[in-house]
Amino acid sequence: MASKAKATSGSTGHKTPKPAKGSARPGMYRASTIYKAPRALPVSQLPAQFGRADLEFIGIDHSGATYEARVYVNNPKANADTQTTLANGYAGSYYIFGHGGCFGDLGHCDIPQKQDAFDRRPSHPLEPLRKVVIATEAIKQAAAKSSEIHITVVPLIMSWTEKTDLKDVMRFDHINLVTYD
Amino acid sequence: MASLIVRKNVDNLDAAELAALRTGYTKAQAIMDNRGYNHFAGLHGIPNWYCWHHDHTTGSTVNANLFLPWHRAYLLSFERAIRDQSPATPKVGLPWWDWSSATSHSNGVPKAFSDATAGGKANPLLRARIFAPTATPPIDRQTRRFPGNPAQLPTAAKITNLLNLGTFNDFSNQLENIHDFIHGWTGGNNGSIGGDMSSLATAAWDPIFYSHHCMIDRLWYVWQSKHGINNIPASLLPLVLTPFNMKVQDVLSINALGYEYAVSFVTL
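Chains as they are written, first to last, in our numbering: chain A, 53 to 233; chain B, 132 to 399.
Honestly, the hints are just simulated from the structure, not real lab data.
Small disclaimer: the values here were computed from a predicted structure and weren't measured.
Any given hint could be a false lead.
Which chain A residues face chain B? A few, computed with CB under 10 Å, are given here [to be verified]: (1) Tyr147; (2) Ala196; (3) Ser198; (4) Met210; (5) Thr213.
List of simulated lysine-lysine pairs, BS3-like, C-alpha gap at most 27 Å [what the hints assert, rightly or not]: (6) A/Lys192 x A/Lys88; (7) A/Lys166 x B/Lys378; (8) A/Lys192 x B/Lys289.
The C-beta atom is built at its ideal place from N, Cα and C for all residues, glycine as well.
Chain B with its partners taken away, still in its complex shape (with noise of 0.2 Å):
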């Protein structure tokens, strides 16, 4: 029986997991095709749009909040895309960052993706080619990041009152809302320009997209864990979540997934 995915928090990993998920992001960022980092960034804004954010209509009368099951669906494919370039072992799945924690709100962004260096080799969690030629005009650089103050992070109490709302639209709509602050503060500005997370555009092609989305995924995950896991207006869970060919009833358990979420994971 395949074993599940275990997810941690990035300032849980230790050397050899690190280096593995550091890994992983290199041989992806190299690759340019329909299996590369450049692809899958490219499904959320710039060029293919296909990201949910917020109510939207669907094809039907249904007013959909899609934005917790559509971005489940796309760290699931991002992470399998990684894990495919990732050494056999030790096999990592993504980590979440925990911007509500005292370490957090001490030192702002994890120190795995704002080291320059790692191992003597630029660091892939820092930052990532955009090679958008289709956009316009064309986008070919490197990503950019302005981070703000530390201390004006999410506290745990925030996210305690947060957990505590009961309809799934309520609690998707506030959270949504933190995770939108969270973009601002991450890319921030250096006065003349913004960063990339701070634009729907390109906020997926920096590294640290893909942590700060575990967090949402995990919250939602805590939040079905004490407000059930079908706890979803039923008119959500036939919808597709384009282009991953799921639906949203698909993606209610994480474990049917093939994943979970551990504070620690120990083999004795």
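One chain only, chain A, in its complex shape (with noise of 0.2 Å):
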């Protein structure tokens, strides 16, 4: 399955986030946009047996506020006082190391294309990333129960600087589910 997150464009300014309530740890902080996978995947098309199943967020922005994302299998309510326990879903958590805004001049943080086949610099510091999340339980225990599986992401900002936007920190590509012998 690969799903793709809308773009977002997020809002320059800087304003403290609300803090979460209840299971949210003392200090972390809801962010404004939760993630809900637009397409579901028939479990059908899981594989009857599997070891392990990850799931992968391709295309991470990292380039703010350094933050958890809770990711929930089929619970689409999840929010950032839901408990983190497998019988709401909880797949796992990924955390991003923000770099916490821009600290360079005009032009520091865009990430530039290879001049050419001969440009050996290496990628730029704020190419998007890659994180798997082992979701192994979470998904095998929707796919006994359910004919669909449903990805929900909640971002909880644990901090930030005067320089990072608060209103969108999470943006990534698309999630794939894949699965292992």
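Bring the two chains, given one by one in their own frames, into a single complex with the hints.
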């Protein structure tokens, strides 16, 4: 399954986010946008047997705040206050150690294209990331109970600088669900 | 024959070792040239951005996961700089912070890094001056740290599961995810602003950065002991770890680099 997230532009300006209540840890703050994968995966498309199931997050922006992304399977109502338990469909979290905003001159944080085939400079530090959440138990549980797999991702802000946009901290291109023997 | 540098758990350093470490940090923090703390901290994020996190492409087609070897080389250079400023005896290596230990789960940040003073002077392991005049805007202030709830730190069971992962990329990616959490946890926020350990731009100025990464490096060493010292994609071996003048193949053996990890070390 490949799900595409909507691109979010985010806004400039800094505003302290609201603290998350309940199960969120002290000091964690709720972000404004919870991601729900636009398409569900029919369980019939999963192999009958698999030893491991990964949710791969592709093209993650890590230029801004530091945050936790909590991944839930088949819990479309999950939010910052949802307990991180398997019963709630919690699959795991990925964490982004954010760059904290741009501390260089104009253009410093733009990701350049290679000039040509002879340009051997390493890729820009802000090249989008790939993160893997090992989600085997949550996927197996969902497959046993439902005919579809829905993914919800809830961001919680852990830390920020005076330069970070706090409106849309979590941005990625899409999610892959990959199973292994 | 030269003896190996012994890196210990910070909670196991005796008073003399801790004092020697603090002397090294204090003197290095006072030096503003390329021997000093400010220079080395500036290699990671602001202003030089040499740090390597997650997969990146190099000048070749290799999609390189150099997080572990780059930070191993970085710690090595930093450790030598601190030892240059440390007393002749006792000679100490960088200590690691075991954030999965029962002590850390009870106390959070180790006392060595949270005491306000040591020996009647400001504790150089609590905070350091960030001097980054070429940043936009320029930065000249002390580091800040707002650690979270100790109960949220990774458990020993989580580390056991991590060490059982069989391939280098899988192990490195999952370890890096834990690493990212620790950065966020340690820097935290006070409701108005975040701490420096949580921002890649300034994390390496917080003195605890190096002991956090010492734990990361140690876990790689423990994993290598289980799964093979050369268990790393061959395509990574010739890649250069800038700016340390080393390649990945040069940093696979910690003994060859002149150090080891020890829970305890007693001379009889």
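Was the hint right that alanine 196 of chain A lines chain B, CB cutoff 10 Å?
Because about 23 Å separates alanine 196 of chain A from the closest Cβ in chain B, which is outside the 10 Å limit, the hint is violated.
Per-residue hint verdict: tyrosine 147 of chain A, partner chain B, C-beta under 10 Å:
With a minimum Cβ separation of about 4 Å from chain B (threshold 10 Å), the hint on tyrosine 147 of chain A holds.
Take the shortest C-beta to C-beta distance between serine 198 of chain A and chain B; is it under 10 Å?
It is violated, given that the least Cβ distance between serine 198 of chain A and chain B is near 27 Å, above 10 Å.
For the pair we were handed, lysine 192 of chain A and lysine 289 of chain B, check the Cα-Cα distance against 27 Å.
Within the cut-off at roughly 20 Å; holds.
Under 10 Å is the threshold here; is the Cβ of methionine 210 of chain A close enough to any Cβ of chain B for the hint to stand?
It holds, given that the least Cβ distance between methionine 210 of chain A and chain B is near 4 Å, below 10 Å.
Pair hint lysine 166 of chain A and lysine 378 of chain B, alpha-carbon separation not exceeding 27 Å:
It holds: about 23 Å lies between the C-alpha atoms, which stays within 27 Å.
Below or equal to 27 Å on CA atoms is what counts here, so check lysine 192 of chain A against lysine 88 of chain A.
holds, 19 Å
Please verify that hint: threonine 213 of chain A, Cβ, nearest Cβ of chain B, below 10 Å or not.
holds, 5 Å
Checked against the numbered hints above, the structure breaks hints 2, 3 and satisfies the rest.
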